[in-house]
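Listed in order, the protein sequences are those of chains A and B.
Per my numbering, residue 1 is the first one in the first sequence, and the count goes up by one each step.
Per my numbering, residue 1 is the first one in the second sequence, and the count goes up by one each step.
Just so you know, these hints were derived from the structure itself, not from any lab.
Some hints could be false.
Simulated restraints, written as ranges between beta carbons of each label pair [as the list claims (entries may be wrong)]:
1) B/K32 to A/R28: 37 to 43 Å
2) B/K141 to A/T45: 51 to 57 Å
3) B/V12 to A/A148: 25 to 31 Å
4) B/L54 to A/E110: 52 to 58 Å
5) B/W5 to A/G104: 52 to 58 Å
6) B/E160 to A/N139: 36 to 42 Å
7) A/L26 to B/V139: 36 to 42 Å
8) B/V139 to A/I20: 38 to 44 Å
9) A/D112 to B/R105: 29 to 35 Å
10) A/R32 to B/R105: 25 to 31 Å
Among the chain B residues that face chain A by a calculated CB cut under 8 Å, a handful are [to be verified]:
11) T8
12) L80
13) S109
14) Q137
The C-beta atom is built at its ideal place from N, Cα and C for all residues, glycine as well.
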Amino acid sequence: MHLFLAGLELLMLAFVAHVIAWRIHLPRRPIRALLCIFAATPLVTLPIYFAIEPLPVLTDTSLADALRILLFYVSCSLVYVVLYSAIEAQSPSLAIVSYIASCGSAGCTEADFADHVIDDESISTRIAAMKAGGMIVINDGKCTLTPAGRLWATLFEFAGDIFRLPLGG
Amino acid sequence: MNGQWTITIAPVAGLALNVLTQIMTAHLSRGKIGASIIIGILGGLALTLAVIALAHTAAPGATGGFADTWLLGVTTYLALAFGFWAFLNLNITSLRIRILRELVRAGGSLALSDMPVLYSGAERLRRRLERLENGGQIVCKDGRWRLRSWQVLAIARCVEALRNLILPRSARERP
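Isolated chain B (complex conformation) (with noise of 0.2 Å):
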């Protein structure tokens, strides 16, 4: 397989090693998802960055230069490697993937009232408090909450521009 090729596919690999290691990590840390997930997406990036290294070195006039060889072989293996991760934390924070599993769980039908989702709204709250408690972005001292770190808060501002350029008035007024 010739330097090109190599590089081509460099993501790809990259991806299915972040996949697996994220898998053996998860089941034989019995549930530390989080350091599974660091580690998942660390191994693939390493292995982006060798096959990108093992084929520049190989033929190394036929790779391209520093953006085309190395900028868009990590950008793609990173915005791979944020799909999974939007995957994997879309099962652990979506209430809309939450209902759909409670429905399957419940055989593809429940009453509206009988769902879990949707009556613990202190559960819910509580759910995500920890998380961000335990991601380090927010603290609690005498019973009042208050920012630990900025980066969620980043997220939010940055969203929360996104939504002011691409949404009409009307919609960013729904919740």
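Okay, chain A solo, but in the shape it has when bound (with noise of 0.2 Å):
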């Protein structure tokens, strides 16, 4: 039991340590900032760990075991910034759904969820985000790929073949 504890304490450690962070200050690239709570937490609290020594248990790991506690954290820590910009910027889809249940059981039209649902905000957000985040430059109304950009769009395009997936949005 004390793996996957010691993996549920790291990974709640990070995440306090992100929610107090969030309130102080939101960060410009909020991402980023993510990775690097994520990536820092186990690389501060391992040597307080190893220096006090509080349970003897897990410093007597294996190192297949600690790769196994490794694993699990960082997947985890993945499934989180994953989900957290579904946190950040509203998805329309859950969007569509949280108004359709404020309904009840009359329902709703479509003309409604382009009143309260489909809005052009959301996009020029997105577009925001995409040139703080440094995929994209915006000169004389004509929208340019950076660099990183084209890197990251060559690879969901490549990903778009490979899994036979739809051009989506």
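Two chains, two frames, some hints: make the complex.
See below:
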């Protein structure tokens, strides 16, 4: 049980650090800041842990077990980073479902969505986030990929071909 | 390879099978993406469980208790599988990725006024309603949309709760 709990404790520590940091100051590049917090948490915690050794059973852990905790921690951290983008900017699909739920058993028409769910602001928010993230630049009404943006765009296009994914949005 | 190392690599082996199965199923079924994702996830989970069981049987004393053997392995696999599903789902649903893909298809640069995703609000709405209807989440009767299932609503409520916990009030009020 101690390996599983050690992984969970690391995750909880990183999450608490993230909530406190966000409450103090919302970072300009939140995903990068989130990755830094989740990477820094074990790097800061482990030397302290080994210095004070509160539970010798963990300091005697084999390399395979340590790798198992690391794998668990990294994969769960990445799950949270993925979920964070839905927390940061409300997903249109979730907004549609929430809106329909708020209408109750009477339901609602498509015209209602046009007023409440699909708005140009959500698009401009995403474009602003892509600009802030260094994916695109906009000059004279023209949108251009940066080298980093081109790399990501090529990766997603390649993935679309390999996994047979349609153009989304 | 001893039991401990076999258990360590079990979730990674599961993820590898998940990816390969999804690719093969998507190509063989000619674009049945939903089915290919589910088959991939289940295939990967089966392999993860099989590898852990094999290691546990080969060296029962060396692999730890139930939580450290099964719970840690299965949770790690599910987290990895979720990451892969999110990557696939992002390609299908994300407006940002659609913008990136449209830009790369256009050679890297496009006038804002020429980007289909920016002017076709009705198309974006239609696609999302169609996806939610196909997924059994909502249903249209007599021109009115109603909720059919609670799963996505539960996710929306959880996301809203996390938003309230994490983001300061000023950021929550933005769309």
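Verification of the supplied hints:
1. Under the hint 37 to 43 Å, the C-beta atoms of B/K32 and A/R28, about 41 Å apart, fit the expected range.
2. About 54 Å separates the C-beta atoms of B/K141 and A/T45, a value consistent with the hinted range of 51 to 57 Å.
3. At roughly 28 Å, the beta-carbon separation of B/V12 and A/A148 lies within the given 25 to 31 Å, and the hint holds.
4. At about 53 Å, the CB distance of B/L54 to A/E110 agrees with the hint of 52 to 58 Å.
5. Take B/W5 and A/G104: their Cβ atoms lie about 55 Å apart, and the range 52 to 58 Å holds.
6. Checked against the hint of 36 to 42 Å, the C-beta distance between B/E160 and A/N139 comes to roughly 37 Å, which is consistent with it.
7. Evaluation of the 36 to 42 Å hint for A/L26 and B/V139 yields a pass: the beta carbon distance comes to about 38 Å.
8. Distance hint check: the CB atoms of B/V139 and A/I20 are about 43 Å apart, consistent with the given range 38 to 44 Å.
9. Judged by the Cβ atoms, the range 29 to 35 Å given for A/D112 and B/R105 holds: they are separated by roughly 33 Å.
10. Between A/R32 and B/R105 the beta carbon distance is about 27 Å. The supplied range of 25 to 31 Å therefore holds.
11. At its closest, the beta carbon of B/T8 sits 5 Å from a beta carbon of chain A; the interface hint therefore holds under the 8 Å criterion.
12. For B/L80, the interface hint holds, since its Cβ comes within 8 Å of a Cβ in chain A; the closest pair sits about 5 Å apart.
13. For B/S109, the suggested interface contact is upheld, since its CB lies about 4 Å from the closest CB of chain A, less than 8 Å.
14. Taken as an interface hint, B/Q137 checks out: its beta carbon lies about 6 Å from the nearest beta carbon of chain A, inside 8 Å.
This entry satisfies every hint, going by the numbered hints stated previously.
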